[in-house]
Amino acid sequence: MIPFSRNNEPKIVKPQNPIPTDSPEWVKCSNCKSLIYLKQLKENLNICPKCNYYFKISAQERLKLLIDENTFKELFSELRSVDILGFDDGKKSYSQKIAESEEKTGLNEAIITGEGFLEKHRVAIGVMEFDFIGGSMGVVVGEKVLRLAEYALAENIPLIIVSASGGARMQEGMFSLMQMARTSGAIGRFRNNGGLYISVLTNPTTGGVSASFSFLGDIIIAEPGALIGFAGARVIEQTTKQKLPPKFQTAEFLLEHGFIDKIVERKFLKKMLGKILNFYERGFKYS
Amino acid sequence: MNLLPFEKPIIEIEKRIAELEKESQEKNIDLSSSINKLRKELEEELERIFSNLTPWEIVQVTRHPDRPKTMDYVKYLIPDYVYFCGDRLFREDSAIFGGLGTLDNQTVMLIGHNKGKNTKENLTFNFGMANPEGYRKALRLMHLAEKFNVPIITLIDTSGAYPGIEAEEHGQAEAIARNLQEMFLINVPIICVVIGEGGSGGALGIGISDKLLMMEFAVYSVISPEGCASILWRDSTKAEKAAELLKITAKDLLNFGIIDKIIKEPIGGAHRNQKAALQKVKEEIILSLAEIKAKFGDSKEDLLSGRYRRFQKIASYDYVSSKVAEKTED
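Chains as they are written, first to last, in numbering that gives the first Met the number 0: chain W, 0 to 286; chain U, 0 to 329.
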């Protein structure tokens, strides 16, 4: 089930990009240091063919991977963050940070929301983008998740959210903390009305995002090796003065402790989701 | 009394008052007019200092050991309090306290973070930093409040959920997430008062409410100023600057519409006059309960949709089209 052997385990947990080399066609794995042919890496869905390390993939790539071709319709893309606090750390203002992330990712925010078909099942889907300020949740991420849950409820379709986030966006202060409440409230309403919510946790899912909508899935699936947890490992080490156990806060650790349903390899994720949606759709319907 | 750095100017006045009092007693002479004059001066000085505190100074006031803690509120507000233990899953976590009792002729469920007054208490209560068990106990007691059909009062005073190995093993994130979700569905009124430190998700974990009140010198923040400083500048000593950036004071949060009301503290802060602070909080909670009752009556549906809408409003965003509009204006 767990795809790597004992002596071939990825050591790095935090999300990494492959290291560029002199040749544009080759990169180096930041985990096992072996040279990888870029084309082969892409074909392998951004997973190192040698050591099985999961490099992150962009939100768009993820959508392409999960949603049937030409069926995705984006929703709520018009929302854009504002610098409510006037946050400036002296190096870069928050507004600048947003502008740079927009440039870098081609997105308006750290999540894409919309609807589409997954193996012919109509779903509401949200996919987070780690490269947009660490996938952090500010007002717009919160608002989009909230609206998506309300949309799924109104349309009576299952909801899938793929998380990749370091947590709350501190540049929005208490507004970002309140998004934990808002998203959880909206998801609670959806689930309480019989809605099916599948949460997919990818590397990393931590802090305020893990402690809100990510852990509220009726079914929770994680990618192998993903860093998942509430507090940062460094903070825990400093507070407890204890050595952290091996695999601490990885998907495997969470599976062992009973907090996720399954670890599913990237290449099988769509199939697994399709299977579950199929079971759901074939369920006995009252009404 | 533990003196905060910015409280120094008042030592001198307090010393002079003490001297005069001693002299008046020893020599049996009436110095009350000079003493009263000094007392007035002291009050004015305190007023001056405390109305001009910086966010970082407010953080220090809010962490003051003499500031009333949840236990003090319980004793003062609810003399017949009965507390309950355990999450029914793993263990008792006394970092969060909860139980039933009578407040002003009304049975209430009071749940709060338990910060200690001294080292011994702090070790027992884990400095008010709850493990998942604490959040699960809190939720269990909220469901109990539903069964009794009594309002819930939560008191927030924590630097955050406990960052520990076991806490992670037992699902800290799941416990908080579940509380956030379920508290929107608890069909009795919930009033939350931030009495001290509102530390991030650990505070919010018992903080979903129909009314959110905040003490004048309490703070509520997505991350501690020290934590923010160490992320931004890799230097936790720059916490003072971070405290300003994060906008964590009651005044800021009232302006943002995140809290409903500021509870005024006695002159010089709650740590100088505990009883006055406790009484004020008591009055404000009673007032809020009456307001919720007047607003929603007995309709549980209205109560829950009101709670949902209350949070739905906490958003501030722009539309992409207006960004385009800006560009075309250029």
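If you're looking for bench data, these hints aren't it; they were derived computationally from the structure. On a predicted model such as this, the values are computed, not experimentally measured, just so you know. One should not assume that every hint holds.
[Claimed, not checked] A partial selection of chain U residues facing chain W, derived with a Cβ cut-off under 7 Å: (1) L3; (2) L143; (3) E290; (4) A293; (5) D297; (6) V319.
[Unchecked claim] Calculated lysine-lysine pairs in the DSS-like style (CA-CA distance at most 27 Å, straight line): (7) W:K103 <-> W:K41; (8) W:K96 <-> U:K240; (9) W:K13 <-> W:K119; (10) U:K237 <-> W:K240; (11) U:K299 <-> U:K250; (12) W:K240 <-> U:K116; (13) W:K96 <-> U:K21; (14) U:K250 <-> U:K281; (15) W:K242 <-> U:K119; (16) W:K90 <-> U:K119; (17) W:K91 <-> U:K240; (18) U:K119 <-> W:K240; (19) U:K279 <-> U:K116; (20) U:K299 <-> U:K7; (21) W:K91 <-> U:K260; (22) U:K116 <-> U:K312; (23) W:K90 <-> U:K240; (24) W:K119 <-> W:K269; (25) W:K96 <-> U:K279.
All C-beta atoms in this analysis are idealised placements derived from N, C-alpha and C, irrespective of residue type, glycine included.
Now the hints, each set against the structure:
Nearest Cβ of chain W to the Cβ of L3 of chain U: about 24 Å, over the 7 Å cut. The hint is violated. Annotation: L143 of chain U was flagged as interfacial toward chain W, and the flag is violated, the nearest CB pair being 19 Å apart, outside 7 Å. A hinted interface residue such as E290 of chain U counts as satisfied when its beta carbon comes closer than 7 Å to some beta carbon of chain W; here the least separation is about 21 Å, so the hint is violated. With 7 Å as the threshold, the beta carbon of A293 of chain U stays out of range of chain W, its nearest partner Cβ sitting at about 24 Å, so the hint is violated.
Because the closest C-beta pair between D297 of chain U and chain W is about 21 Å apart, greater than 7 Å, the hint is violated. A least Cβ separation of about 5 Å between V319 of chain U and chain W falls short of the 7 Å threshold, and the interface hint therefore holds. The hinted pair formed by K103 of chain W and K41 of chain W meets the criterion: a straight-line CA distance of about 20 Å does not exceed 27 Å. As the CA atoms of K96 of chain W and K240 of chain U are separated by approximately 19 Å, the hinted pair is consistent with the 27 Å bound.
Restraint check for K13 of chain W and K119 of chain W: the C-alpha separation of about 34 Å exceeds 27 Å, so the hint is violated. Restraint check for K237 of chain U and K240 of chain W: satisfied, since their Cα atoms lie roughly 23 Å apart, inside the 27 Å limit. A distance of roughly 31 Å separates the Cα atoms of K299 of chain U and K250 of chain U; the hinted pair therefore is violated under the 27 Å criterion. Between the alpha carbons of K240 of chain W and K116 of chain U the distance comes to roughly 24 Å, so the proposed pair stays at or under 27 Å and holds.
At most 27 Å may separate the alpha-carbon atoms for a hinted pair to count; K96 of chain W and K21 of chain U exceed this at roughly 62 Å. For the hint pairing K250 of chain U with K281 of chain U, the CA-to-CA distance comes to about 21 Å; that is within 27 Å, so the pair holds. Taken as a hint, the K242 of chain W and K119 of chain U pair is honoured in the structure, with Cα atoms around 25 Å apart against an allowance of 27 Å. A distance of roughly 43 Å separates the Cα atoms of K90 of chain W and K119 of chain U; the hinted pair therefore is violated under the 27 Å criterion.
Between the alpha carbons of K91 of chain W and K240 of chain U the distance comes to roughly 15 Å, so the proposed pair stays at or under 27 Å and holds. Only pairs whose Cα atoms come within 27 Å are accepted, and K119 of chain U paired with K240 of chain W is accepted, the gap being roughly 20 Å. Restraint check for K279 of chain U and K116 of chain U: the C-alpha separation of about 21 Å stays at or below 27 Å, so the hint holds. Of the supplied pair hints, the one linking K299 of chain U and K7 of chain U is violated, its CA atoms being roughly 51 Å apart against a limit of 27 Å.
Restraint check for K91 of chain W and K260 of chain U: the C-alpha separation of about 33 Å exceeds 27 Å, so the hint is violated. The hinted pair formed by K116 of chain U and K312 of chain U fails the criterion: a straight-line CA distance of about 37 Å is larger than 27 Å. Under the criterion of a C-alpha separation no larger than 27 Å, the hint pairing K90 of chain W with K240 of chain U is consistent with the structure, at around 14 Å. Distance hint between K119 of chain W and K269 of chain W is fulfilled; the C-alpha atoms sit about 11 Å from each other, no more than 27 Å.
Annotation: proposed proximity of K96 of chain W to K279 of chain U is violated, straight-line Cα distance about 43 Å (limit 27 Å).
Hint violations for this structure: numbers 1, 2, 3, 4, 5, 9, 11, 13, 16, 20, 21, 22, 25, all remaining hints satisfied.
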